[in-house]
Amino acid sequence: MSHLKTKHLLGIKNLNKEDILLIFQTADNFKEVINRPIKKVPSLRDVTIANIFFENSTRTKLSFELAEKRLSADVINFSASGSSVKKGETLLDTVNNILAMKVDIVVIRHSSPGAPHFLANHIDAIIVNAGDGTHEHPTQALLDTYSIREKCGEVNGKKVVILGDILHSRVALSNIFALQTLGAEVMVCGPATLLPKHVGELGVLVENDVRAALEWCDIANVLRIQLERQEMRYFPSLREYSKFFGINRELLDSLKKEIIIMHPGPINRGVEITSDVADSDHSIILQQVENGVAIRMAVLYLLAGRVD
Amino acid sequence: MGVFFIYFCAIAMQKRLLFDSELLQITISRLCQQLIENHGDFKETVILGLQPRGTLLAQRLVARLEEIIGTNISIGFLDTTFYRDDFRRRDEPIQANKTDIPFLIEDRNVVLVDDVLFTGRSVRAALDALNAFGRPAKVELLILVDRLYTRHVPVEATYVGRQVNTIDSQKVLVEWSETNKKDNVWLINREE
Chain A
44 MSHLKTKHLL GIKNLNKEDI LLIFQTADNF KEVINRPIKK VPSLRDVTIA
94 NIFFENSTRT KLSFELAEKR LSADVINFSA SGSSVKKGET LLDTVNNILA
144 MKVDIVVIRH SSPGAPHFLA NHIDAIIVNA GDGTHEHPTQ ALLDTYSIRE
194 KCGEVNGKKV VILGDILHSR VALSNIFALQ TLGAEVMVCG PATLLPKHVG
244 ELGVLVENDV RAALEWCDIA NVLRIQLERQ EMRYFPSLRE YSKFFGINRE
294 LLDSLKKEII IMHPGPINRG VEITSDVADS DHSIILQQVE NGVAIRMAVL
344 YLLAGRVD
Chain B
51 MGVFFIYFCA IAMQKRLLFD SELLQITISR LCQQLIENHG DFKETVILGL
101 QPRGTLLAQR LVARLEEIIG TNISIGFLDT TFYRDDFRRR DEPIQANKTD
151 IPFLIEDRNV VLVDDVLFTG RSVRAALDAL NAFGRPAKVE LLILVDRLYT
201 RHVPVEATYV GRQVNTIDSQ KVLVEWSETN KKDNVWLINR EE
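Quick mapping for you: the protein sequence lines, in order, are chains A and B.
With our numbering applied, the first sequence has no gaps in its numbers, which climb one by one up to 351 at the end.
With our numbering applied, the second sequence has no gaps in its numbers, which climb one by one up to 242 at the end.
No wet-lab data here; the hints were simulated from the structure.
These figures come from a predicted structure and were not determined experimentally.
Watch out, some of these pointers could steer you wrong.
Claimed, not checked - Straight-line Cα separation of at most 16 Å, EDC-like style, residue types lysine to aspartate or glutamate; simulated pairs:
no.	chain 1	residue 1	chain 2	residue 2
1	A	Lys48	A	Glu61
2	A	Lys82	A	Glu61
3	A	Lys74	B	Asp150
4	B	Lys148	A	Glu75
5	B	Lys148	A	Asp71
6	A	Lys82	B	Asp141
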């Protein structure tokens with residue numbers, strides 16, 4: 044089997060295990076490509092990709108753009124600030140106008156959950172979800188699980204805790220789906236106010252005590268507190284959050300074992316994670332970023348193969 | 051005349067043996083001698099097997115060469131999937147294989163190795179792919195079975211194990227003892 048079962052990448056929920064393993068296998072090849080003296084291959088030379096970002100992004104946008112350019116695709120970038128969206132144009136109109144310029148693939152980030160699904164139903168292009176509100180962020184989950192596979196050999200049987208602001212996180216949901224599909228055990232941990240009410244129904248363990256969670260896990264994926272999505276106060280102060288839920292050197296040293304620390308970025312240093320932990324040998328944060336380019340190249344390559 | 055002969059063969063048998071184990075060994079030794087004539091001690095030359103089917107031939111060649119000249123020879127494997135000209139023109143993407151070139155090819159002589167030369171398109175892709183690893187001084191091509199009159203691009207081999215006249219519907223099947231039980235190279239008639 045060498046093609047994905049899905050036409051678009053809307054979420055991890057639409058992928059099965061074979062799809063994810065195919066993406067990983069292809070990413071292995073692209074990781075070798077991006078470590079060559081000349082890091083570019085001509086595979087997508089006749090494909091045009093639009094990166095449409097209705098929400099701020101540094102890493103994901105750069106990573107997608109780099110992946111597209113390494114595959115020799117033509118790239119156009121669009122961000123909502125400074126565009127006609129501010130003049131009242133609808134999402135569908137904006138995208139249809141961009142498609143009129145003969146675009147094959149649309150990479151979209153939007154603050155509304157389901158925006159990529161809406162587009163996939165209404166326009167004739169391949170859609171890649173680069174984050175839709177608090178719903179899914181599939182390429183992030185793919186690169187996270189790929190990084191775990193790279194570091195530990197396999198994902199199956201590993202214990203992974205996702206720590207922090209689960210309520211506002213699209214990374215958490217996509218990670219839960221991806222980890223479970225690949226056979227890992229998943230726990231979510233954070234203050235009760237930042238855990239969705241029925242999160243346990245996804246088949247994950249729920250914990251409020253960080254120490255207990257870290258004692259249990261092999262890998263901790265630490266999430267950022269998403270202040271921009273919080274319309275009310277979920278905890279008294281950042282200082283208090285950091286004291287009770289932050290990961291620091293003393294906490295890690297007091298554990299009986301070594302665990303791997305991951306973070307999808309951007310890091311709020313001193314809040315959810317201290318600098319010495321983020322920069323330590325335990326952390327694979329920068330490997331995650333490197334793998335992000337390879338994973339996105341793999342996704343675009345596999346999806347573009349189905350264009351007529 | 052040749053064409054009639056091919057048709058006769060095609061009708062007469064389903065499978066024709068091109069190389070058996072012994073002939074293959076003799077041919078590999080002969081190819082090695084030809085390589086040595088041009089490359090001497092292989093200090094400036096590297097062998098690159100084309101994925102997926104040129105790699106075993108490249109390993110056999112290098113093993114034999116090392117036996118003859120007694121020094122280590124640089125060998126690598128080149129995958130051309132991302133450089134192919136039929137991407138997005140097939141029903142599904144081609145699964146890539148591993149590229150493993152643990153040395154620089156800048157200013158070195160490169161011998162590309164593949165089992166069968168048919169349309170020449172994968173060799174064209176390989177020439178493209180090579181550029182990502184530097185500018186070689188010279189590139190040569192070594193082929194075990196050269197199918198005549200089937201080229202889509204003007205590519206010819208420098209070293210040839212055996213030339214055969216074939217028609218498009220025929221197929222050359224190379225079996226190695228590493229993956230099959232015995233070394234055998236067959237010319238097979240496929241149903242149209």
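Between lysine 82 (chain A) and aspartate 141 (chain B), is the straight-line Cα distance small enough, at 16 Å or below?
Violated, at about 27 Å.
CA of lysine 82 (chain A) to CA of glutamate 61 (chain A), is that 16 Å or under?
violated (27 Å)
Regarding the pair lysine 74 (chain A) and aspartate 150 (chain B), is the alpha-carbon distance no greater than 16 Å?
holds (12 Å)
When you check the alpha-carbon spacing of lysine 148 (chain B) and glutamate 75 (chain A), does it fall within 16 Å?
Holds, because 8 Å separates the two Cα atoms, which is no more than 16 Å.
With a cut-off of 16 Å on the C-alpha distance, tell me whether lysine 48 (chain A) and glutamate 61 (chain A) pass.
Holds - the C-alpha atoms of glutamate 61 (chain A) and lysine 48 (chain A) are around 9 Å apart, at most 16 Å.
Given the hint that lysine 148 (chain B) pairs with aspartate 71 (chain A), does the C-alpha gap stay at or below 16 Å?
holds (8 Å)
In summary, the structure is inconsistent with hints 2 and 6 from the numbered list given earlier, while agreeing with the others.
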